[in-house]
Each structure stands twice: as structure tokens, then as C-alpha cells.
Amino acid sequence: MVIADFIPKNPGATLGFIVLTGIAAMAVGLLFMGIGRKLTARLQRRYGPPFWQSYIDVIKCFSRNSISHHYIMDLGSMMGLAGLLAAAMFVPVAGHLPFASTGPLIVILYLMPIGYLGMAMGVSASGNPLSAIGIGRALTLMVGYEVPFAVIMLSMIASFNTTGLLALHQIQQAGGWNLFTMPFGFIAAIIALQGMLAEKPFDTMIAPAEIASGPMVELSGKFLGMAFLQHAVAIFIETGIVVNLFLGGGRTIWEFLLKQFVLYMFAMALNGIYARYRVEQATRFLWFTAGSLAVVQLILNLLA
Amino acid sequence: MISLNIFSVSTGIIGVFILGVISLAAFGRVRKLQWVLFSLATLYLLFLAYNLYGKWGGAPEAPEGMIFTLMNTHLGWLFFAFSTGVTFLISLFSLSYNDKKHATGIAPLWTILMAANTGIFFAADWITFIIAWELMGWTSFFIISHGREKSFQAGIYYYALSLIGASALLAGVFILHSITGTFAIRESIQSASALWSTRPGVLYAVALFFCTAFFTKSAIGPFYMWPAKAHAEAPDDFSAFLSGIMIKYGIFGLLIAVLPLFASYAGPAVKGTPIFLYILGWVGGLTAVLGTLLAVRENDMKRLMAFSTVSNVGFIVLALSTATVFGLAAGIFHTFNHMVFKAVIFLSMASVKFRTGERDMHRLGGIGYRMPIAFFAFLLGIIAAAGIPPMSGFASKWMVFQSLFDNKLLFLAIPAFFASTAAFMYLYRGLHSIYLGQLPPRFANIKAAPPVQMLVMLVLMLMVFAVGAFPGIVLMPVKAALGADSLAADFMKIEGITSSVNLSVVAGIFMFAFIGTLVLYIIGKPRKKVEPLDTYTSGEDPADWDMTPEQYHYAYRFYEPFEKMFNPILEALSFEKWFDGFRRHIVRTSESFGRWLHRPGSGAFVLTTALILILVMGIVVW
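Just so you know, the protein sequences line up as chains A and B, in that order. With the first letter of the first sequence counted as 1, position 116 gets the number 116 in this note's numbering; the numbers rise by one all the way through. Count along the second sequence from 1, add 1000, and you get the number used in this note's numbering.
Keep in mind that a hint or two might mislead.
[Stated by the list, open to error] SDA-like mimics (lysine to any residue), calculated; alpha carbons at most 25 Å apart, straight line:
| hint | chain 1 | residue 1 | chain 2 | residue 2 |
| --- | --- | --- | --- | --- |
| 1 | A | K60 | B | Y1552 |
| 2 | A | K60 | B | L1520 |
| 3 | B | K1493 | A | Q53 |
| 4 | B | K1525 | B | T1535 |
| 5 | B | K1525 | A | K38 |
| 6 | B | K1408 | A | P129 |
| 7 | B | K1493 | A | F160 |
| 8 | A | K38 | A | G272 |
| 9 | A | K60 | B | K1493 |
| 10 | B | K1493 | A | K38 |
| 11 | B | K1529 | B | Y1552 |
| 12 | B | K1032 | B | N1051 |
| 13 | B | K1528 | A | F160 |
| 14 | B | K1525 | A | N161 |
| 15 | B | K1528 | A | I67 |
| 16 | B | K1408 | A | K60 |
| 17 | B | K1408 | A | N301 |
| 18 | B | K1525 | A | G12 |
| 19 | B | K1529 | A | P129 |
| 20 | B | K1525 | A | N301 |
| 21 | B | K1525 | A | Y55 |
| 22 | B | K1493 | A | L109 |
No lab work stands behind these hints: they were computed from the structure.
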């Protein structure tokens, strides 16, 4: 009986949906990245690349020469993308999921780190100190944004007693967006999202001018391509979480994607106008500003 | 009448104890044999565990005047079985580890310690418990010291704290006896817990004494600092035992003595949790945070993992403090997971030390290229320790969080999330600094770990992964031991209050995604392999600046920005300093008292006073 639960009723279709979700997550993320680059260029009064540039980049990366220092590096790159893809399978898109699950937020938040750990392992094996510095900063920053984000999750529990994104989506479809009922939490989430996406002012881990793009410094060819894809999936997941938590999730897939797009463009606009924090400044800002906003929201939700 | 199963437990304890003593006395010159005997002893205990399964109960109608009673409780059996199983694997590792160069003479003492281990988990009365507890305390002290000056210092520190704990335990037991009139563990706690309405003060005192005893053993709260000393200085294979198993005795104590005390509690409570347990929860949460912060700035790999243990024990206490069935299951589940993954982490590091002799992480680096099995053991161990699926730690950490949500202890979840996330920092630091990065030339020719060590690590890795994909392997026995029918968990799935998770699906999805990325990897143009030093350096050649791989390995003060943020707080909060000041005061007082005693005249005065006191007491007693 237990085994029967594990095997879906229609394995072929489920498998197809899983593959489709993975490809869609990558495609959507890359599209957003391309448009985001265009937006940044226009903010800087450049013409900018076409919006499909990211697709070209990835295809090009996979067809070019690449170097690797050790098979651990290969393994790390694969683990990195796999962790993010696995997390993407749990994000409900307008209530749709590739297979039956509740969209458990904690699972998503803990599946993403296996991607980052894989990435970190891979670039560590390259032996370049700059990449290790970048990873060190990335993990410090992660403590910065995960804590406010966890508090936001706690305020959801306080109000709705669930951590399932699917349930939150349904609640909001019936009763209005959380954005209006939990404004402080939303602002905290936006700040934390900026950290998650590693956009300015929280891009200290990439910092091209200081540490030569940090974790990516040693990546070439298909390894860089995988890093691109990883970032694309990360964009899809992170904006998807915030849409499901605060923006009502969306009735149709297109509505959902539009909301994700708006969130990402907002993040890119902020990225275009801010300078970079040092890592301890960034972490402190995330704790004190986003964290206190989130705690205020938690207290309000507990009192309500 | 003594039932047969209990008879076999006592033969287990006494037999293993005698075996240890014989091994200590007779085979001092044949250390290999001592290790074999130790392995056999643990194997025998494992066999005993297999035999005892299902034969619950003990000797409740013990003959009048019989002091030492044993009982086979389901929970005690579970702890016994897990601890013995992991110790058996460690003992196999030790067989290989203790070659001519690395041999330590700790095997017989460790054998005696295993007898004490059995006694603690099967004790039915406080006297047996205390005797086993003390036996465990002093054998472990001698093992930690193992004849080295620096280790002896750490051992003394550990033993001093153990003494505080043992005295507190004695005090608690005596109070308990005076109010209930029995030494039987279960009955005394049960009848005491009925006294909340009449004598709450006494019960708080008992709970406080017990907590002190178990906190010292499990390094909770103000006693967080001894593992960093003792685990680091102990023999490398014993560190795995210390960190994996010995630290859990306090947890077991909390489970059998402190939590049941609050079974029929009626008094001030926070959201249904008794105020004492609520404070206990905060102590656990802050211990988790403190252990994490201290681990992040550690450069010695064994100290780093010792602080990680402190942090994990904090997690366990956090879960136990909820005192719900779900919370207890979460805490016990995490206890057993921690046994396994911390053992694999410590054994992997022991293998590295076996080959390199180094403990400072910045002097290592790139070892994973030469010792792949040790690397993967460490990798799987840290994935579990970080609580990332698909390894075992995730399931139990998830349950810990759910138990907090269940009781609406939301603010208590914030330190837990902080500790859990910041754990990635120090765990990754270990992975990078020891196993990845640049390989120093002096380690270029080290060999992989010996086959037996590899085998043990592989078995433990398999356990970590299997429990991660099928949590029921451990959770079902835990559920049975607690008699928790309300716990909705089967072989793969756990139902929490706010969400449910099917770990097998999570693991399956990850595997599937990995296959997908593997396909992408194969599609891409084949890569070229280059030398580790051949990295991007803005066109400069590191050789031009006489840069060696050692210098090129970024490991020392890895998280300097983070350290800068927290160092002032940690310095201000250091309990170690406080204890040190306390120690200095005691030394000063006792020295001045000693000097006073040595003065001619005062000696005679003391002698006379003592004689009078003895006389008076004798008369009073008589």
C-alpha cells in the first residue's frame, strides 16, 4: 500500500510533467534574465542585448571548450543544478504542480541549499581562492536572508497554520492577497528576495570588480552554462515563492508568470540604482531591517 | 524472581566489565588483542540487544533488600541498540586505526565504558543508574586523557564538570527519595509528578538538579565549552564515540527523569508548555545558536565539529522541551540521526588525521582528491548535519520545526532557523578547507584510507542516505518505543501539523533531477582536465610571486566578516571566562586556607576542633 502511494497513477504523464516543469523553470528564468539585462542597459542608457541573449549564451556555453580541475568539480556542478531543479518541482504555479504535493515551503527552502552546496563544492574543487571567498560571502549572506524569510514563514503559520504554498495559494484565491493584510511581511520579503537573487545591494558574493565574479571565476563552457541555468531556476523558485506567499498565486499560469516578472523587474530596477554593500553590512541590514519588519508582522499576526 | 532477559542484561554488564578489566590487566602489551576484545564485546552487546527485543519489563518484584535492579524498557533498549550498533562500527574502525604509529591504550577502558553504557540504559533504580553514570564518567576521563599532558588538561576540565553533574544528580535523587520513598526510577518520578499541587518547590529543585546533571553531560547551556576541549583532545576514534553517543546520555536522562516529572503538571505555562520546559526550550535554542557561532570561527577541525555537536544537542533539547509526542519523537529521531552522521564525520576526519597527522584546517586542503571515500563520507555527513534533503538530518530537523509549530512556539523557532542556516557556513568551511581547494605538495603522495576504515565509512554513509530517503527505518521504532499512535508517520511520509512531507519523493525527485543534469553534462562538449594551480589570476603567474599551494589555499579565518560581527558579543558572553574566574577564586581561597593551616599553632587548633566535632557528632548519633 505504501509502495502504491509512491508510484503515481499515471507514471508517464507525471514524468512528463516533471520534465516539462524543469524545462519551463529554466526557460522562464532565462527569459527574465534576458529582459532584466535589457532593463539594466536602458537604466544605464545603453541599447542592451536582445531579450533572447541568455538563451544564446547558454547554448553557446554548452558548445564551447571547458576546463575542469577534478571530477568533484563536475559532480558539484551537476549537484548544483539538480538541487535547484528538484526544489522547483515543489513550487505550485497557479496551483499546478507536476505531482501531488502541498508545495511545502520548508522542503523548498532546504532543497535549494543542496544546489548551493553542490555549486560551492564544485567551485571549491577548482582551487581558486577567489571562488572560495565568494562562497564564504554567499553563505554569510544566506544566513542574512534566510532568517527574515523564516520569520515571514512563521507569520504565515501564525495566521493560517500551514507552510504549504498550495494551501496559501488557495486561501488567497478565496480571501484576497496577503500583500494587503501583511504589508510589513511583504516589504521584508522583497528585501530578502533581493538578497536571495544576489542583486545589488546584496551582490557582494559575485562582486565582479573585486573577486572576479566570485564562485563563477573558474567556470567555463558547460560549467558556466549550468551556473546560468542554476541562476535561472533560482529566479523562478524565489519569485515563485513570494508570489505564492503574498501576491495571491494567480488564477492562470500566465497571471502567475506576470507577477513573477513584475517582482523580478522590480529587483532588477533596484539592482540598477544601488551600490554594493560589504557582506557584513548586507547581513546586518537584512537582519535589522528585513528581520525587524518580519518580526513586527509576526507579532501583528499573533495578536490578530 | 529475576526474569531471564534481565539476567542476560546483568551478565552483559558484568561480563563486559570483567572482560574490560582482564583486558586492562593482562593484555597491556598486546594492544591489538585488546582492540579485538573490545570489538567482540560490542558485538556481544549487539547480540544481546537483538535477543532482548520485545522482552520488555524487568524485575519489578525484586527480592527485599536487593539494590541493583534492571529493566528492559522500550526506550532504553532503543538507545542501547543504536549506541551499541554505532560503537561496533567505530570499534571496527579502531581496529584499523590503532596501528603501530597511532596506537592508544584505551581499548580496555572503552570496554568498561560499554558496560557502563549498558547499565545506564537498563537501570531500573537510581543506585544502579548512578553507579553506571560514575563508571562512565571516570572511564571516559581516563580515555580522554590517554597519557598526554594537553589531553590531561582537557580531561580534568571534563571531569570537573562531570563531578558537578554527578553531585547534582545525587542531590536530585536524594530529594526524590525523601519525597517518594523509593529509589526505583519509574515509580519515584511517577509518584513525584503527582505532587505538583502540593509541593511544587521541591519538584522544581529536583528538576533543576537533574537538569544540571544532564546539562553537564550533554554540554547544554552554560556547559557548552567542554566538548571543544575534550572532543578535540581525545583519541580520534574515541571522538566519534564522544560526540556521537556519550553526549546523548544527558538526553536520555532528560527523557526518563525530567520530562516525565511534568506529566501531570498544573502551574504557570506558556501556550500549554510548562514554564520550566519553556525555559528549557530557550536554553536549547540558545545553545544551538551559541554552538553554531563558536563553530563558525573555529580553525581546528575537531573543535569545529565538537561545537557543531553542541548546536545539534541544543536542537534536540528544543524538540524535547515541547513535551508533546511529536516533539519527543523529533528529539529522539534527531538524537539517533546525529549519532550516525556525527560518527561518520568524525571517522572521516580521523582517517584524514591518520594519513596526515594534521588537525588545523588551514594546513590541510585538497585531501579529498587523494582520499575520495573519506571525502564522500564527510560530504554526506555534512549534508545530513546541515539538515538538507535527501540525507537523514533533514527529516529530523523538519520534525523539530514542526513540533515547535505544533505548540505555537513560533519565537522559539527563530533561533532554530538561525542555527540551522548558519550551520551551512561551518560545515562548508570544513569541506572546503580539509578536502577541497589546493593540495599541499607534502600531502601529494598520501594514500586513501585503509580498506577497513573505508568499509566502516561506507556502511555509515549508506545508513545516512537510507534514513534520509526512508525515515521510517528509524522513526517507526521510535514511534513504537514511545507508544505514539497519534504520530502520523509511515515508512516514507511524516505528517506534521502545518505540512506533511514524503521524504522518499523528495529523494526520488532529487535523484531524477540529478539524472537530468547528468544528461545536460553529457550533451555539453567534453571538458579538458587541468592542474589545480592552473587557475584564473588576472593573467599573473602565481609562481612569479613564489606562491605555494599552501598559501594559495584560502582557509584561514574563512569567515572574517562574520567573526567581526559576533566576536564582541561572544567575548562578552563567555561562560568560560566566568568559570575561569570562579576557578581562580577557589584556588586563591583554598591556597590562603592552606597557608593558614600550615602556620604552626593553627594545625593544633584544627585538630582539636575536628576531634571535638567528631565527638559531638558521635554522641548525637549514638
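Hint by hint, here is what the structure shows:
Under the criterion of a C-alpha separation no larger than 25 Å, the hint pairing K60(A) with Y1552(B) is inconsistent with the structure, at around 32 Å. Proximity of K60(A) to L1520(B) is assessed by CA-CA distance (about 13 Å); at most 25 Å being required, the pair is judged to hold. Of the pairs offered as hints, the one joining K1493(B) and Q53(A) is violated, with about 43 Å between alpha carbons and a cut-off of 25 Å exceeded. For the hint pairing K1525(B) with T1535(B), the CA-to-CA distance comes to about 20 Å; that is within 25 Å, so the pair holds.
Annotation: proposed proximity of K1525(B) to K38(A) is violated, straight-line Cα distance about 29 Å (limit 25 Å). Between K1408(B) and P129(A) the alpha-carbon distance is near 44 Å, which puts this suggested pair outside the 25 Å criterion. For the proposed pair K1493(B) and F160(A), the alpha carbon gap of about 22 Å is at most 25 Å, so the pair holds. Pair hint K38(A) plus G272(A) holds up; C-alpha atoms about 11 Å apart against a cutoff of 25 Å.
For the proposed pair K60(A) and K1493(B), the alpha carbon gap of about 42 Å is over 25 Å, so the pair is violated. Distance hint between K1493(B) and K38(A) is unfulfilled; the C-alpha atoms sit about 45 Å from each other, more than 25 Å. Between K1529(B) and Y1552(B) the CA atoms are separated by roughly 20 Å; this keeps the pair inside 25 Å, and the hint holds. This hinted pair does not check out: K1032(B) and N1051(B) have alpha carbons roughly 29 Å apart, beyond 25 Å.
Proximity of K1528(B) to F160(A) is assessed by CA-CA distance (about 53 Å); at most 25 Å being required, the pair is judged violated. Simply put, K1525(B) and N161(A) have alpha-carbon atoms about 49 Å apart, too far for the 25 Å limit, and the pair is violated. Using a Cα cut-off of 25 Å, the hinted pair K1528(B) and I67(A) holds, with the two alpha carbons roughly 5 Å apart. Note on K1408(B) and K60(A): the hinted pairing is violated, with a Cα-Cα distance of about 51 Å set against a maximum of 25 Å.
Annotation: proposed proximity of K1408(B) to N301(A) holds, straight-line Cα distance about 12 Å (limit 25 Å). Of the pairs offered as hints, the one joining K1525(B) and G12(A) is violated, with about 30 Å between alpha carbons and a cut-off of 25 Å exceeded. With a C-alpha separation of about 19 Å, the suggested pair K1529(B) and P129(A) falls inside the 25 Å cut-off, and the hint holds. Restraint check for K1525(B) and N301(A): not satisfied, since their Cα atoms lie roughly 53 Å apart, outside the 25 Å limit.
Simply put, K1525(B) and Y55(A) have alpha-carbon atoms about 17 Å apart, close enough for the 25 Å limit, and the pair holds. For the hint pairing K1493(B) with L109(A), the CA-to-CA distance comes to about 18 Å; that is within 25 Å, so the pair holds.
Consistency note: the structure conflicts with the earlier hints numbered 1, 3, 5, 6, 9, 10, 12, 13, 14, 16, 18 and 20.
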